[in-house]
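S.K.: Chain order of the listed sequences is A and B. Everything in the first sequence is counted per the numbering used here, starting at 6 for the first residue and increasing by one. Everything in the second sequence is counted per the numbering used here, starting at 6 for the first residue and increasing by one.
Do not take every clue at face value.
Given that identical chains are not distinguished, each listed pair holds provided it fits within a single copy or across any two copies.
[Stated by the list, open to error] Pairs of lysine to any residue, SDA-like flavour, derived with a Cα cap of 25 Å:
1) Lys286 with Asp147
2) Lys286 with Arg118
3) Lys286 with Ala129
4) Lys216 with Gln239
5) Lys286 with Leu248
6) Lys286 with Pro114
7) Lys286 with Glu112
8) Lys216 with Pro114
9) Lys216 with Asp251
Rather than coming from a laboratory, the hints here were simulated on the basis of the structure.
Below are the chains, spelled out letter by letter.
Number of protein chains: 2
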Amino acid sequence: MTRHALLPALALMLLMPAAAAEAPAGYRSVQEILDASPDSDWHTPGAENLLYMDLDDGRVVIELAPDFAPAHAGNIRTLAREGFWDGTSIYRAQDNFVVQFGDVDGEDPARARPLGSARTHLPAEFQRPSQGLAITALPDRDGWAARTGFVGDFAVAGDGGHTWLAHCYGAVGAGRNNDEDSSIGAELYVVIGQSPRQLDRNITLVGRVLKGMELLSATRRGPEPMGFYEDPAQRTPIRSIRLASDVPAGQRTPLQVLRTDSRTFADTVEARRNRRDAFYKRPAGHVDLCNIPLPVR
Amino acid sequence: MTRHALLPALALMLLMPAAAAEAPAGYRSVQEILDASPDSDWHTPGAENLLYMDLDDGRVVIELAPDFAPAHAGNIRTLAREGFWDGTSIYRAQDNFVVQFGDVDGEDPARARPLGSARTHLPAEFQRPSQGLAITALPDRDGWAARTGFVGDFAVAGDGGHTWLAHCYGAVGAGRNNDEDSSIGAELYVVIGQSPRQLDRNITLVGRVLKGMELLSATRRGPEPMGFYEDPAQRTPIRSIRLASDVPAGQRTPLQVLRTDSRTFADTVEARRNRRDAFYKRPAGHVDLCNIPLPVR
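Next up, chain A with everything else stripped away, as it sits in the complex (with noise of 0.2 Å):
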């Protein structure tokens, strides 16, 4: 009776073990391979390029990517270790786009925040040569590149000869004025909505987050059209910014994240590709780079 049996409904769609005895034999669900892969599957981020921004909520945990925005990283540790964020706040949030943080005042000089031995000018780091990297290829068509995949913890979208980070969920860039070397990290932003690819190359993205996007998608939006919120008391505090590397061992986030080169990670892709459990009745045969999520434990 399917009065009865609404309530799982979109449960079912991603706790497969429930499932998986209805499931054609050999199919695993993503839970499931996860469940098997072996510890060697998985690394432990180098606390060096983690971020740990403490919202009176909780706590988000970013990567950085010093192999694509080694400027950009560089300086995010400076402006970290002498405490820039702490005090600040969320003051922007745009439905389906983005959350941005940082020195709401710093347009003004009279009071933006003192910069302190961080660099006020980088380069811009939109995209890098593809040589050197370790590119996990993706086997499904792209609009907006020419190849995707992953490199590290990182997604990434490619054309013969450069990488670059793509603008998916989750993703974490610089905000700039119109020049495009006008970012130095200290206003970050945060994509919560469907991915802005067309930012790819136009921007430079910095890092991902890793655990704790809960705490930024759910803020409350901002006025349209921007999402800047014109009363102080809307925006949400930020305790602190800090290094994993300078917070005291005690005090750290453990997390372990998949390794995007392992067997179980392609098999959590095509477990994604082609869903095979009693829920789905037309696999995909496809997916797009940003609908993979990145297994962080």
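Here the structure of chain A is known, so what remains is to put chain B in place on it, guided by the hints.
M.R.: The following block gives chain B in isolation, referenced to the frame of chain A:
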């Protein structure tokens, strides 16, 4: 000096008029295109297809799609007319996926709300013949389907013979169990993250949100992995869901939607495919179906 120019950063991405002076001759931003549009390019959806979902924080306006899900649309009208959802709640919010609402006790025969004169069984309405539909096709390729475009106010995908509603941000669907015909439209979900296109043709979409998405997308997320609130106090109360046609004229929300078969809409699509304002350095030459918002005023 970059320091004082950081705040507008992302601001310029969507507020093109400020940058228009620097744009190549002939380029118009989406906003400029909309501002210049004739009134005849806009239409008012029929009140019998609009649902008003009234929350404590405001109103969400949903447009039903009877051309794609006539049986579900009919049942939803019945449920709304009989007050089925009044006093129910948003009982699920899963990050980067969906919010879901309806009768949280629907699973419990002893506590489930009566369905009144609504039907208790409906056919699956995953797709329909393309014949008879006026489809405004998009120029770019899509990994999920042979073709994409718009029919009326709805983002669609299709193959040679069939067309279906696409799971873009703001799409509204009918939760179901494993049987494809197990939805009746009482438990509904709304996409609040990256478009889960793998659900296309696997579940019945019934419409889309036209206004008020920010009231749904900023819902505090429920516990992982599925986002169902264990604590009833965390659910979002729904005051009522009514058909606009059942609401007195003075209480209706005036709105107009840009016709997707208009020249103005085509111009906005092209402006999104190739952004040539002062901010963008590399126009993408591409846009995905789910990256095209429907202008509503």
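S.K.: Next step is simple, just say for each hint if it's right about the structure.
M.R.: Results for each hint:
| no. | hint | result |
| --- | --- | --- |
| 1 | Lys286 with Asp147 | both (24 Å within a copy, 21 Å between copies) |
| 2 | Lys286 with Arg118 | neither (55 Å within a copy, 30 Å between copies) |
| 3 | Lys286 with Ala129 | between (46 Å within a copy, 11 Å between copies) |
| 4 | Lys216 with Gln239 | both (23 Å within a copy, 22 Å between copies) |
| 5 | Lys286 with Leu248 | neither (46 Å within a copy, 32 Å between copies) |
| 6 | Lys286 with Pro114 | neither (59 Å within a copy, 28 Å between copies) |
| 7 | Lys286 with Glu112 | between (53 Å within a copy, 23 Å between copies) |
| 8 | Lys216 with Pro114 | neither (34 Å within a copy, 38 Å between copies) |
| 9 | Lys216 with Asp251 | within (18 Å within a copy, 45 Å between copies) |
Violated hints for the displayed structure, listed by number in ascending order: 2, 5, 6 and 8.
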